[in-house]
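Undergrad: Going line by line, the protein sequences match chains B and L.
Position one of the first sequence corresponds to residue 7 (the working numbering), numbered consecutively onward.
Position one of the second sequence corresponds to residue 7 (the working numbering), numbered consecutively onward.
These are calculated hints, taken from the structure and not from any lab test.
Among the hints, a few may not be true.
To be verified - Below are the DSBU-like pairs computed for lysine-lysine, each with C-alpha atoms no more than 30 Å apart in a straight line:
hint, chain 1, residue 1, chain 2, residue 2
1, L, 129, L, 26
2, B, 26, L, 129
3, L, 212, B, 129
4, L, 129, B, 129
5, B, 26, B, 129
Unchecked claim - Computed footprint of chain B on chain L, listed as stretches where at least three residues anywhere in the stretch have a Cβ under 8 Å from a Cβ of chain B:
hint, segment
6, 27-39
7, 70-79
8, 128-137
9, 208-215
Quick reminder that beta carbons are idealized off the backbone N, C-alpha and C, glycines included.
The lines below spell out each chain.
2 protein chains.
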Amino acid sequence: MSACDTCLVRNRAICSALDKEEIGALNAIGRRRSLVSGESLIWEGEDSVLVANVIEGVLKLSTGTEDGREQIVGVVYPSDFIGRPFGGTTNHGVTALTDARVCVFSRSDFDAFAREHPGLEHKLLQRTLTELDRTRRWMLLLGRKSASEKVASFLMELSDRLSPITCESDGSSNATRFVLPFSRQQIADVLGLTIETVSRQFTRLKSEGIIDLPSRREVVIQDRFALVAEAG
Amino acid sequence: MSACDTCLVRNRAICSALDKEEIGALNAIGRRRSLVSGESLIWEGEDSVLVANVIEGVLKLSTGTEDGREQIVGVVYPSDFIGRPFGGTTNHGVTALTDARVCVFSRSDFDAFAREHPGLEHKLLQRTLTELDRTRRWMLLLGRKSASEKVASFLMELSDRLSPITCESDGSSNATRFVLPFSRQQIADVLGLTIETVSRQFTRLKSEGIIDLPSRREVVIQDRFALVAEAG
DNA sequence: CGGCTCATTGATAACTCTCAACGCAGGTGG
DNA sequence: CCACCTGCGTTGAGAGTTATCAATGAGCCG
Chain B
7 MSACDTCLVR NRAICSALDK EEIGALNAIG RRRSLVSGES LIWEGEDSVL VANVIEGVLK
67 LSTGTEDGRE QIVGVVYPSD FIGRPFGGTT NHGVTALTDA RVCVFSRSDF DAFAREHPGL
127 EHKLLQRTLT ELDRTRRWML LLGRKSASEK VASFLMELSD RLSPITCESD GSSNATRFVL
187 PFSRQQIADV LGLTIETVSR QFTRLKSEGI IDLPSRREVV IQDRFALVAE AG
Chain L
7 MSACDTCLVR NRAICSALDK EEIGALNAIG RRRSLVSGES LIWEGEDSVL VANVIEGVLK
67 LSTGTEDGRE QIVGVVYPSD FIGRPFGGTT NHGVTALTDA RVCVFSRSDF DAFAREHPGL
127 EHKLLQRTLT ELDRTRRWML LLGRKSASEK VASFLMELSD RLSPITCESD GSSNATRFVL
187 PFSRQQIADV LGLTIETVSR QFTRLKSEGI IDLPSRREVV IQDRFALVAE AG
């Protein structure tokens, strides 16, 4: 029995394109790896040597300027794919925001396996197209939205994306209460703002009764309608 | 003899994954279409009904907020692929910035063809991965760069991307003089700025001798080193 | 030669950043 | 068990960059 048989994301990750025998072959070239919060799996600018599936936890994809400004360019959740297959260098670092578990493959092994399994490539293509759509929507936020719209949009997105994890229901509904996998600085790096501006927006949303902040890392959405309106 | 045999981009577009016979089959489900500058091929939010390859010209991918703010989320050049295969709706409009020619397919026809030709899907996957990398790099610009850095980065990128078209040499070098396929408003929509800010940056770069502007739509890079430095 | 669109330039306002101080919570060591 | 230290977050004051509003200028086409 391979590790894949009990994998938490086997029905959602790209592996779901494979049959039992193929899963076994893929399992043979992959290995599990645990990351503690803050630990990096891939560094910006290095050759692409590995790819992975996220099993558990949340990770950020980030890039920065020479003088130290940082921008988080993506956030990945369980069942998402990490890395740059088929040559090239990785243009962004990958770092765990929470403790995480991933299923890692050497890029060359994965490339060869994928070329022989069009179904897997197809799943990966669909996932990449979806991620490209999501990234482009985020560009509208970065380029055209105000600080208040950015923060509200961010909370809405989190509420969507975290619900399969934190919500006891079927995952189709949105989470109303969740734990932020981000520090204030990381939120600022997602939204293209400073930490102070993020903090002020949080305080304002709380004072207006739209959200509650039981602790630094917890958010309760009290007025989803108002939050949607703020998101623009 | 099919239209593909004389296609200007047959060696660079995703079609290059196919052999002679397959090209014939693909040709049978596609058709050529001409667009005049400003004409749209796809509208934001509609069901994805068609996909296309760019043969000639430059097109923008754009999205906007309800209150009319616009953000250009991508720019496509000859040999690039347009549209959202494999279900879903199109999240951004596609509009010609110059007169253009494209090779159009109904999405369902293309989907079916692609599923039967893994080589084509592989090319499309590579292209999509590259586009995702490019888009993420652009997020750093939108989120963290100043107006002067944005404009300088924009000119550098254009110099790269336009060279295969306007440059008489091998295409590996960068264009020093080129015609902008964008109005000032469109440049603002790419960079997340206003038209006035873009104009002021252009004027400044010209007054500092870094670029010259022989006409509204022409740019000459006079000091590439300084421009790179400005790009941050 | 108007009349149009698009771009430039100027003055002012608004938003967000920067710099600085303070507060809170968790962990450590006495 | 408490005091202190440290990291993170909040709050405030002021500066700076970019947006907004308004007027002028340049090129193009009828």
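Undergrad: For every hint, state whether the structure bears it out.
TA: Outcome of the hint check:
no. : hint            : verdict
1   : 129(L) - 26(L)  : 17 Å, holds
2   : 26(B) - 129(L)  : 27 Å, holds
3   : 212(L) - 129(B) : 48 Å, violated
4   : 129(L) - 129(B) : 14 Å, holds
5   : 26(B) - 129(B)  : 17 Å, holds
6   : 27-39           : violated (count 0)
7   : 70-79           : holds (count 8)
8   : 128-137         : holds (count 8)
9   : 208-215         : violated (count 0)
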